[in-house]
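As they're listed, the protein sequences go chains A and B.
According to numbering that gives the first Met the number 0, the first sequence is numbered sequentially starting from 0.
According to numbering that gives the first Met the number 0, the second sequence is numbered sequentially starting from 0.
Hints are computed from structural coordinates only; laboratory data are not their basis.
Incorrect hints may have been included.
[As the list claims (entries may be wrong)] Example chain B residues on the side facing chain A (calculated, C-beta under 8 Å, incomplete):
id: 1; residue: HIS239
id: 2; residue: GLY240
id: 3; residue: TYR244
[Stated by the list, open to error] Cβ-to-Cβ under 8 Å is the rule here; a few derived chain B residues that face chain A:
id: 4; residue: SER35
id: 5; residue: ALA38
id: 6; residue: LEU248
[What the hints assert, rightly or not] Counterexamples of contact, computed for chain A against chain B with all Cβ distances above 12 Å:
id: 7; residue: VAL144
id: 8; residue: ASP157
id: 9; residue: ASN172
id: 10; residue: SER285
id: 11; residue: PHE411
id: 12; residue: ASN615
id: 13; residue: ASP650
id: 14; residue: GLU652
id: 15; residue: TRP784
The structure presented is a predicted model; accordingly, all values stated were derived computationally and were not measured.
Even glycine gets a Cβ: it sits at the ideal position worked out from N, Cα and C.
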Amino acid sequence: MPKDDGIGASTKRREDTRFLTGNGKYTDDINLRGQAYVHFLRSDVAHGRITSIDSTAAEAMDGVLKVFTAADFEAAGGLPCGWQVTDRHGQPMQEPKHPILAEGKVRHVGDPIAAVVAETYEQARDAAEAIEVDIEELEAVVDMVEALEEGATKVHDDLSSNLCYDWGFVEENKDAVNEAFDKAAHVVSLELTNNRLVANPMEPRVAVGDYDPWGDSHTLYTTSQNPHVIRLLMGAFVLNIPEHKLRVVAPDVGGGFGSKIYHYAEEAFCTYAAKVLKRPVKWTSSRAEAFISDAHGRDHKTKIDLALDADHNFMAIRTETYANMGAYLSTFAPSIPTWLHGTLMAGNYRTPLIYVNVKAVFTNTVPVDAYRGAGRPEATFQLERLIDKAARELGVDPIALRRQNFIKADQFPYQTPVAVVYDTGNYDATMDKMLDLADYANFDKRVEESKARGKLRGFGIAHYIEACGIAPSNLVGQLGARAGLYESASVRVNATGSISVYTGSHSHGQGHETTFAQVVAEMIGVDANSIEIHHGDTSNTPMGMGTYGSRSLAVGGSAIVKATNKVIDKAKKIAAHLLEAAPEDIELKDGKFSVAGTDKSVDWSGVTLAAYVPHNYPLEDLEPGLEETAFYDPSNFTFPSGAYGCEIELDPETGKIDVLRFIAADDFGNIVNPMIVEGQVHGGLAQGIGQALLENCVYDDQGQLLSGSYMDYAMPRADDVRGFVVDHSCVTPCTHNPLGVKGCGEAGAIGSPPAVVNAAIDALHRAGHTHVTHIDMPLTPARVWAAMQA
Amino acid sequence: MHNFEFVKPSTVADAVQALAAEEAQPLSGGQTLIPSMKARLNAPEVLVSLMGIAEMQGIRHEGDMLEVGAATTHARVATEAAAAFPGLAGLAAQIGDPAVRNRGTLGGSLANNDPSACYPAAALGTGAVIVTNAREIAADDFFLGMFTTALDEDEIITSVRFPIPQKSAYGKFLQPASRFALTGVFVAKYADGVRVAVTGASENGVFRWSEAEAALASDFSAEALSGLSCPADDMIADLHGSAAYRAHLVAVMTRRAVVAAS
Ligand SMILES: Cc1cc2nc3c(=O)[nH]c(=O)nc-3n(C[C@H](O)[C@H](O)[C@H](O)COP(=O)(O)OP(=O)(O)OC[C@H]3O[C@@H](n4cnc5c(N)ncnc54)[C@H](O)[C@@H]3O)c2cc1C
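So here's chain A without its partners, still in its complex pose:
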């Protein structure tokens, strides 16, 4: 039995009291004295040359303080890209400038052209309508394949083409992969689309810039998953503000799913405008604006081939992917279809040869970057769909085909042909667990039961692997990252024994305030309520990289463990002094230090008080105080994995799919808070099922966004996502971090889309619609029905 607030306990999330009673403090709740408001005039055409901007009338309107255009930002840099990908020929990717406000050209619907700052938001909006902009419209580049054709219109005139990079991985394996295909007994191929998604966090983005002329210092309040990263990128590359004059604060953040990792133009704008106007400047995105200014996710087009030998062993995988970058490179965009995607193409399988080709393409659409899972859902979807198709074509059981090719529990650590080394896993165990929880043995009976009601039942399987807990800094540096990916923590023990923890991770819904406190409470043996977790303010947390890539517990939690261990080491020395014993003989248990083998002891608070009131204290050997900082750089990714089973019912008359049950058997290593993990999986599943059945970001051939509101962009609702059975009892602890934990935040969104689609194809095949081999996501009723008619 875990302690009720230690590791392993489903402690209730302490932050929820604040959130659920409407007392969270979000960026939009920050209103500074004298604050002005900005409204961005955004392009309503996808591609065009700006021939003139006349803001005279707007400037003269009530309440208007200033209208900004690109001319005001001549001294500023463009928004930087944090990752440089090197192409198949050893050349760096093409990297266009991403200005704060459009310079000469607009490149997507939503591209900001001008910004009006006024006394009120409505005045700013009114004035924006009075700005006269002449745009000579150009042909919009929307389709990725056409964008790369000879003579295609260019999104960026100063680049040689719309190709950002043509990446091959592992390039040296290319010929060997092709040879394997020549020798293969079976080749199975699939062409598929990974649909473009809009992250849609509940809280839209907000930025408030503030400037203190007396100290020449800036503060930016922003909806960010990583305030330190924003401070570094914006300060060093865009506005030329040194770190000691720039504070970035991300208070409570209402969801991000990746979209709040990046440094956005609006943040730099508000920071800069506050200095120009000597007044705080605030921007709050509307939902409509979010659709055309938040980075989108996914948007891949792929052809994948699998070579099998006569015994159905996987021999080789070959893929060709077009990945949409949108109009500009968002902060981590280039890394998503490459290092977060190609490295996952081995999946859970012993495929000796893999070649992944990715062409990243500029188009006149909103920039695309990481969205929950980021590259790994794309890899998993291809593999797990293709394996299902292979099983069908070969006439074998899809479970058996997977098991036959699984990396087996005794083969870890396992070096894949795509660079990564999986430390642990047991894929047969998660598969067994899932099939058991799914009552798969009785599935055929349920098929009959549905049939009696005129419905088609299907069961879909996917087994995923994920590389998360990013990442070893030296490795990602070799791969082109322009940042490190360690995490930091400071553990400040106060005089009376309470503890303030400052973490570089940032919670935007993950419950860090609860989980991280559980870790420290367990280690020291004190009540979790005596521990407070602080994050989100660069002025009091050590330089940290933030939260994404399912890294917070694995990397940020490890930093906390490291710092707490340093605290404990020092506290033991103090205790040794107080108890007149040797530090090696001091034991810490349940918040009490004792001398091994004696009844001599001192409480935690006795030691902490001595640290700050050092009257009886070894001042010659030890500094007073009890506060330690640690940085943790992981030596590898963590590799959570799991078996997902989706049971659906399909209405053959309308094509509508209902998810009846979704079973997720995950191996996340050790678990700190099972309830929070379950919640993370639920959220991931909702988004994965959303991608598979509902969500679709669609542009027309003029580059107009057709799904720019909830009238047309279908978010999953509560009744779309039910019947979840979540299990994490299969545990192979991570071997290289102190808690033995793996990431759990993205798994649900990574593993679920192929399970849903496989279930739909299964239902159709069982009912004789064997001509349907694939349907592109989202599997809307209209698409399913159309596929059945074809």
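Got chain A; can you put chain B with the ligand on it based on the hints?
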């Protein structure tokens, strides 16, 4: 949203007078008008709320007629019409979500005549009478295509008289994002015939499917519809479904409505 004046009269006569002002527009539940004002697609100078007018509220049951005040919310219809006219109550209960049903009104829905709205199917499917401050308009003459009705400038709907059918039901297939009707069919059986009205499907807004009406008049059963298909020519095609899909759904939802009504 641009600034506007707000008035809340308590009689139809006062409302009509207030609407005579320049750029005045009636406001009922605001579930359509307010979002369009927020998006700056609509900017009336005066909003004349119809929600304070007692004579436009509530449901009156007289013989085989159910009269619903135009400012009655969907939520009220869903509960208060359930005994007298379950088909209508069932339709109202399927509109939007609880927040929308607690504000949105019958009159607002009919006046707006969104091609994917539910109520137009009930009005046309029952041959209802749309009562305005000036006249009575038969449903067959009221709906003039997407977002267009027979209402004159400043004319307001005050109530709607629904002839209560012997059997009726609404079959709604949800547009996955908005959950308006991708295709919705209201079927009503009367002593002297059957009416079938289709919403969500046609470029021309709500329409009657006369072939189905004829088939059901002689045999009110799903089987009577077998082999009948609705032409796809004028159907809406968008990211949620092709014209052919919508035409197909018309037949499916009609059959389902008949089964539900029987
Ligand atoms: C999230 C959401 C989901 C929805 N889902 C559905 C759905 O599934 N099915 C569906 O049918 N509808 C749906 N609606 C629409 C809603 O049900 C209302 O019926 C609709 O918004 C109009 O009614 P209202 O009372 O809100 O009208 P308002 O928004 O107040 O007015 C609409 C228009 O009608 C005019 N008007 C209002 N009352 C009168 C009157 N008495 N006489 C003359 N003109 C008048 C106004 O001037 C305005 O032009 C949805 C709305 C939302 C916001």
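Problem - Broken hints, by number - result: 4, 10, 13, 14 and 15
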